[in-house]
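What follows is each chain in one-letter form.
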Amino acid sequence: MAAEPMIDVRDLVQRIGGQEILRGFSLPVMRGETLVLLGRSGGGKSVFLRHLIGLMKPISGRILVEGEDITGYSERQLEAVRRKVGMVFQDGALFDSMTVAENVAFPLRERGERDGAVVARKVNETLALVNMTGHEHKMPVNLSGGMRKRVALARAIVSPPEVILYDEPTAGLDPIVSDSINRLIRRMQRQLHVTSIVVTHDMVSCYHVADRVALLNAGRVYFYGTVEELKQSRDPVIRDFVDGRSDEAD
Amino acid sequence: MNLLLALGAAFQAFCTYLGQLGELASETVRSVFAGRVRLGLTLQQISHIGFGSQMVVIVTGMFTGAVFTAQTFFQFARLNMESAVGPVISVAMCRELGPVLTGLMVAGRVGAAMSAELGTMKVTQQIDALRALAVHPVDYLVVPRALAMLVSVPLLVGECIFFGILASYLVATQVLGVGSSYFLMNMYKFTEAEDIFMGVIKGFIFAVIIVLISCREGLHARDGAVGVGRATTEAVVICSLAVLISNFFLTMFLNIFFPAGV
Ligand SMILES: Nc1ncnc2c1ncn2[C@@H]1O[C@H](COP(=O)(O)OP(=O)(O)OP(=O)(O)O)[C@@H](O)[C@H]1O
Ligand SMILES: [Mg+2]
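Protein sequences, first through last, are from chains A and B. Numbering follows this note's numbering, with no gaps: position 13 of the first sequence is 700. Numbering follows this note's numbering, with no gaps: position 246 of the second sequence is 254.
Keep in mind that the hints were calculated from the coordinates and are not lab data. For glycine and all other residues, C-beta sits at the position ideal for the given N, C-alpha and C. Any given hint could be a false lead.
[Stated by the list, open to error] Example chain B residues on the side facing chain A (calculated, C-beta under 10 Å, incomplete):
#, residue
1, 64
2, 67
3, 125
4, 134
5, 145
[To be verified] Derived, one-sided and incomplete: chain B residues facing chain A with beta-carbon distance under 7 Å:
#, residue
6, 66
7, 68
8, 90
9, 142
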């Protein structure tokens with residue numbers, strides 16, 4: 688018998704304002720693997736991630752986290768799930784009344800860490816991991832988009848959850864910082880056995896971090912397989928996406 | 009027929025709104041009794057709401073007391089009842105003006121700030137970020153504000169009443185020439201502890217009304233900056249109307265327990 692998936696999504700349907708965004712979306716994510724989710728902009732990837740921690744409720748379908756169906760959970764019941772599954776929001780969603788250091792310290796303090804020295808040490812270590820040393824005392828509004836994203840990443844991993852959902856972690860970053868973020872995602876997996884879902888458009892990042900790839904198209908998983916299978920696919924929809932071609936004439 | 013439908017829809021919207029306020033209230037109460045009170049944040053809010061609102065409440069109270077004194081004096085002078093100015097002002101300040109003026113000023117100053125802050129957090133996904141970090145927005149945002157309001161508003165009401173009466177005393181005795189001892193004696197004679205109770209009870213109730221409506225508006229904000237502006241305006245308008253309307257019913261109701269002029 689195969690191992691039970693860490694996260695199992697079955698036949699998810701979501702409609703917002705008459706627009707069908709997910710139409711029977713099913714995706715298993717195995718424990719300890721990094722799954723890259725590709726898809727067109729506006730295709731519903733961020734909407735999908737929000738369902739995994741109960742920020743949105745599906746119209747139908749089920750979401751199993753370690754075998755527990757969380758779709759019917761109340762806000763309080765979801766708290767246990769959210770301690771297990773962390774999320775890096777697409778545009779950071781930093782608390783703008785707090786400094787960078789306070790933002791990163793927030794999850795530690797919420798998990799009951801009272802010792803100021805321990806908090807400060809962990810915050811510094813984590814900011815160093817995302818190349819943000821020296822910006823501790825800035826306010827989020829005074830950061831560039833890429834810096835905000837890295838602080839958000841630091842906030843999500845400072846007290847590492849079992850599963851991390853990354854919403855376009857490398858979008859808007861220069862190639863060098865992108866590479867260090869990719870390495871970081873890999874390292875989280877290797878050292879802490881974190882299960883990850885990485886939403887991205889960045890094929891370099893995809894090839895670097897993915898154990899498995901899924902392609903979201905028209906509200907369903909169009910492709911699900913390994914990086915090798917993705918590269919060798921002859922399917923025109925997949926090829927267009929991977930090679931970055933639009934069907935428009937010049 | 010169309011009118012009936014429109015009325016029905018408005019009534020339904022009103023009931024939904026009340027339902028949402030009730031839900032927020034019950035979530036807040038449950039959070040407090042489950043011991044999820046954050047003392048630091050609450051103290052911060054008390055200094056924000058209570059301490060920061062003193063100036064505006066004192067000024068409002070004083071000038072209303074002063075102008076009310078002058079008008080009452082002009083009318084009463086024709087009946088040779090100048091010394092009755094004291095009790096009229098003090099009873100009116102305690103029972104109606106103190107709590108209502110404080111309620112309106114707090115609705116404008118604090119209600120607007122609360123709905124704007126929570127609304128901005130909502131539309132920039134900071135509320136979702138809180139939830140994603142397993143922190144309930146009611147625990148983190150609403151409970152500290154609610155407790156701070158419950159502590160602050162009754163005290164602000166007291167302050168408003170005190171400074172209103174002080175201003176009245178000064179205007180009556182120094183400007184209008186009412187005898188100081190007549191003013192004070194009549195005031196003591198006709199002002200009861202019940203009058204002050206009534207003001208403080210109203211203060212508590214206005215605190216609840218303002219905090220629930222403002223937080224509801226903020227937490228339901230959507231559509232970006234425009235939506236935050238809308239939420240803020242609505243919070244102030246609805247809070248002010250709710251304070252004025254509930255004040256009438258509170259007066260009628262509380263008068264059963266604390267009858268005036270007995
Ligand atoms: N709160 C909302 N209200 C209305 N429509 C929404 C809302 N959130 C998302 N949508 C719609 O859902 C669709 C999918 O949005 P989503 O943000 O998931 O796209 P995405 O795949 O993450 O795109 P990108 O790669 O550009 O981030 C879009 O058409 C968007 O307009
Ligand atoms: Mg997105």
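Hints and how they fare:
Hint status for residue 64/B: violated, given a least beta-carbon distance of 23 Å to chain A, over 10 Å. The restraint placing residue 67/B at the interface with chain A is violated, with a minimum CB-CB distance near 29 Å, outside the 10 Å limit. The beta carbon of residue 125/B comes within 8 Å of a beta carbon in chain A, closer than 10 Å, and the hint placing it at the interface holds. The beta carbon of residue 134/B is positioned within 10 Å of a beta carbon in chain A (closest approach about 6 Å), and the interface hint is therefore held.
A cut of 10 Å between beta carbons decides the hint on residue 145/B: the least distance to chain A is about 9 Å, and the hint holds. For residue 66/B, the suggested interface contact is broken, since its CB lies about 28 Å from the closest CB of chain A, more than 7 Å. A least Cβ separation of about 29 Å between residue 68/B and chain A goes past the 7 Å threshold, and the interface hint is therefore violated. Hint status for residue 90/B relative to chain A: violated, with the closest Cβ pair at about 54 Å, above 7 Å.
Checking residue 142/B against chain A by beta carbon gives a least distance of about 4 Å; that is within 7 Å, so the hint holds.
This entry does not satisfy hints 1, 2, 6, 7, 8, going by the numbered hints stated previously.
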